[in-house]
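Chemist: Here is what each chain is made of, one letter per residue.
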Amino acid sequence: MKQKSLRQTVDEMRGGKVEPVYFLNGNDYFLQSLFVDEVMAALTIDEAPEKSYFSAESVDYTAVVTDLFSGSLFGGKKLVVLHNPTRMSGKTKDDFFDYCRQPNSDNSLIVLLDKVDRRSAFTKNLTQIVPPINTSPPFPDKMANWIEFLLKKNDLSATKAARELLLELSGDSVYHIANEIEKIKIGLPENSEIEESHVADFCGWEREYFPWHLSDAAGSKDFHKSILIGKSLLHHGVDVASMVTQLATLFQELYLMSLPDGQENDLPRTGWLNQILTRKLPTYFNNFSQNELEQIVKALGEADRNIKTGKGSGETLLVPLLHRIAVGYA
Amino acid sequence: MSYQVLARKYRPEKFQDVLGQKHVTKTLLNAFERDRIAHAYLFSGPRGVGKTTTARILAKALNCLNENNGSPCNDCQNCDEIASSRSMDVLEIDGASNRGIDEIRNLRELVKYAPINAKFKVFIIDEVHMLTQAAFNALLKTLEEPPPHVKFIFATTEPNKVLPTILSRCQRHDFHRMSLETIEKGLRTIIEIEEIKIEDSVLHLIGNMADGSMRDALSLTDQLIAFCGDSVTLKAATEMLGIIPNDLFFSITDALKTKDHSALLVQLSEVHAKGFALTDFIGGLNRHLLNLLIAHGEKGDQLLDMTDDLKQRYSEESRGLNPRDLIRQIDHVTVMESELKYVQQPKIYVEAMILKLAEMDASVNIADILKKLSSGNTETNYTEEQKATEIFQPEPQSMVKEESSTDASETAPEKKEEKSSVENSPQLEKVIKRWEEVVTKVSENGTSISTFLSHGKPIELSGKSLTIGFPKKYKFQLDVLKKNVRRIETSIMKVLNQEMRVEFVLVQNEKASINKTEETHPVTQRMLELFGGEILD
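As you go down the protein sequences, you meet chains A and B in turn.
So that you can map any letter, position 123 of the first sequence is 123 in our numbering, and since no number is skipped, the others follow by simple counting.
So that you can map any letter, position 339 of the second sequence is 1339 in our numbering, and since no number is skipped, the others follow by simple counting.
None of these hints come from the bench; they were simulated from the model.
Check each hint, because a few of them may be wrong.
Stated by the list, open to error - Here chain B is said to cover these stretches of chain A; the calculated rule only asks that three of the stretch's residues, wherever they fall, bring their Cβ under 8 angstroms from a Cβ of chain B:
hint: 1; segment: 47–56
hint: 2; segment: 131–138
hint: 3; segment: 146–159
hint: 4; segment: 218–232
hint: 5; segment: 297–303
hint: 6; segment: 307–313
Said to hold, decoys possible - Some chain A residues flagged as far from chain B (calculated, every beta-carbon gap over 10 angstroms):
hint: 7; residue: 34
hint: 8; residue: 83
hint: 9; residue: 102
hint: 10; residue: 118
hint: 11; residue: 235
hint: 12; residue: 277
hint: 13; residue: 285
C-beta atoms are modelled at their ideal positions from N, C-alpha and C, and glycine is treated no differently.
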């Protein structure tokens, strides 16, 4: 699937090349609105184009598509933003894809699809016509650049420790970082440098984690981070049983690595770890002795039994388990 | 005039009056000063910390006729109407009871109209997380392109349940739990105005129980005033509140540390005498031990969700404790928690189990014991500090090896036993070698019998008596085989040309296994030894 980068497209727009249809795939609101603003700016010559925003709820898609096809003799350009139009069906849907193939050059259409699902028919069809632009939250290594960009945009400066803390606390999306920087900017006296304490004061919003983050922290033997992520996952409604299952998958892999010939490929592998964890397996492996791995796998088995027999749940089960893994084995 | 509860009577009227949320109020005041008011705000945080109050103050500040750098005058018509919930331009909606798409569609209709006699139309949606997904979606377009005269303020205790698309369109402010000091200070100011005498220790108790919530603290104070009148003593307060104070759990852990049985029993009888539910007590104790375990780690107190004062107390208390002991105690109390509902005499059970908890020996690391043994010193006199710090150090590789060698010696008798069964007589070896032929011969008389027989293995030959061992899971098949023993003996006679009397016995799975790969593969053997289980076909 050919993709266009956000930066490349924005550069093209600034150079005067504006496409009649854009397809943004990913749920980072900041990136989405940044892009829409850029399109608006590129389309504004004498006056700003008329912008219409349609969200998924109760939109008359037929009217929207008809409106897109029609040009105006006297009016200016129109910018139509369609947010998650996946409920479109039947003839309207066919007409919509026809429009995307042969768009009206008077209008500009931006399709925003929050969910990245390459298997969905809508995404597949649209991707064949319009190359998607990735607006998912960037990977952690790119997030530092976004912090830099946002600080510059707001005429702010921050200490290295403050930047690191900002990344740690709110690095799950560019929008999250932008929100925190905006608050800090308003809260602090003008022209003051952002320090670590300012970030700690203003950023009460916990970042969002996924269960694989817990496996990563446990594999890195980081107790503090494990508890932080474990509690956050529980708070966000992630079942402790699924966390135990994910941890068990990681530690089974590590245990298999510790066995004779374990480094080779002849032993069974679960294949259920994501690429980040798989890549870091050798690093995790160095953190544990074989004896520790055996005890951890046993403790995970015991935890699984306790969950299933109702002898433990939530934090009462998770915290001692993470302590056993990250600090000392059972 | 009818009585008004303290929480309503002393509800802050200005940003400056909001306690413990300076990071939010200061930002909002600055936003007014710098003219950077967002079109939608989301206030999140625990209950009773000032979210709705701040939302109302913000609504007043936005519409006040004499607003001064974000401070409402609280005197003008607009401020008055907003304070008494009569304003046509400030709508406070309870998200829990107006959660459907129809209510939000109505709201969208209202958004279109300009305010009647104020600058902005302000929509305060409390408990916004209760809205349905369809309702959130309905709100999305309005939030994306709000008319300039509209401001939204959402308040929630559970921001994680708010749709991310809504979250991302709001400026989010997170309210913190209030510190014990802030609550005590706030309460002191109020009781001075109310001319009520409350002992400092009572204020401390209320502050602790309020768990960072000023509204809870004021409700508790209201209850105490109603119960005790104008003078509230600690004794009356503890009697009346009926909530297990944190101090009790700290006293229990202190008594556990010193193995002070009488102190423990006194504490337990106090729990009983005050009418606290034992399930609540055990649940609270488990939570307390968990907090101690978390606080023990480096910067562990930062992970605790409580007031700063309590965090500090946990941090200090956990210093002298061994985390391994804490884990064992948590395991023990978790078992108590699940068993408590089934016991006939809960009080006796809890007393016995708590005393057992006190009698638990301190944990020591096997690696340390081995180290001592190898150096010839058999006494393990650990200081508390040693236990707490050294016990979780990763053991050196040499120690791991030693430990595994100890493991090997521990399992030696088992291995010996296996060995003796492996050293078979030549006669038995002959039978084992030709056993498959025997099974094939039996199949001529009936396939099911031969299939059952194939799960067994000759394990002993004494004179004419041949013992065939079967894994325990084949108990049922054994009964079938016993009924057909004559046919099997005949087949043996035909194959081995030897008369034998066959006996069937159940043995351990591994001994009876005839699958050579399973028998010999060291990985499989080790897995079975460590984790138990059985090999499926």
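Chemist: Per the coverage rule (Cβ-Cβ under 8 angstroms, at least three residues), is the segment 297–303 of chain A covered by chain B?
Modeler: holds (count 3)
Chemist: Confirm or reject the statement that residue 235 of chain A sits farther than 10 angstroms, beta carbon to beta carbon, from all of chain B.
Modeler: violated (7 angstroms)
Chemist: Confirm or reject the coverage of the segment 131–138 of chain A by chain B under the rule of 3 or more residues with a beta carbon closer than 8 angstroms to the chain's beta carbons.
Modeler: violated (count 0)
Chemist: Going by Cβ atoms, does residue 34 of chain A stay more than 10 angstroms from chain B at every point?
Modeler: holds (12 angstroms)
Chemist: Taking C-beta pairs only, is residue 102 of chain A more than 10 angstroms away from all of chain B?
Modeler: Check passes; 28 angstroms lies beyond 10 angstroms.
Chemist: Please confirm whether residue 118 of chain A is truly not at the interface, meaning its C-beta sits more than 10 angstroms away from all C-beta atoms of chain B.
Modeler: The claim holds: residue 118 of chain A sits with its nearest Cβ about 20 angstroms from chain B, beyond 10 angstroms.
Chemist: Holds or violated: the segment 307–313 of chain A covered by chain B, criterion of 3 or more residues with Cβ-Cβ distance under 8 angstroms?
Modeler: holds (count 3)
Chemist: According to the definition I'm using, a residue is off the interface if its beta carbon is farther than 10 angstroms from all beta carbons of the partner; does residue 277 of chain A meet that for chain B?
Modeler: holds (22 angstroms)
Chemist: Does residue 83 of chain A sit more than 10 angstroms from chain B, CB to CB?
Modeler: Violated: least Cβ distance 7 angstroms, not greater than 10 angstroms.
Chemist: Residue count check for the segment 146–159 of chain A against chain B: does it reach three with CB-CB under 8 angstroms?
Modeler: violated (count 0)
Chemist: Go check the segment 218–232 of chain A versus chain B for me, would you? Three or more residues, Cβ under 8 angstroms, otherwise it fails.
Modeler: That given contact holds, which follows from 5 residues of the segment 218–232 of chain A lying within Cβ reach (below 8 angstroms) of chain B.
Chemist: Do three or more residues of the segment 47–56 of chain A come closer than 8 angstroms to chain B, measuring C-beta to C-beta?
Modeler: It holds: at least three residues are needed, and the segment 47–56 of chain A offers 5 whose Cβ sits within less than 8 angstroms of chain B.
The structure fails hints 2, 3, 8, 11 (numbered hints given earlier, in ascending order).
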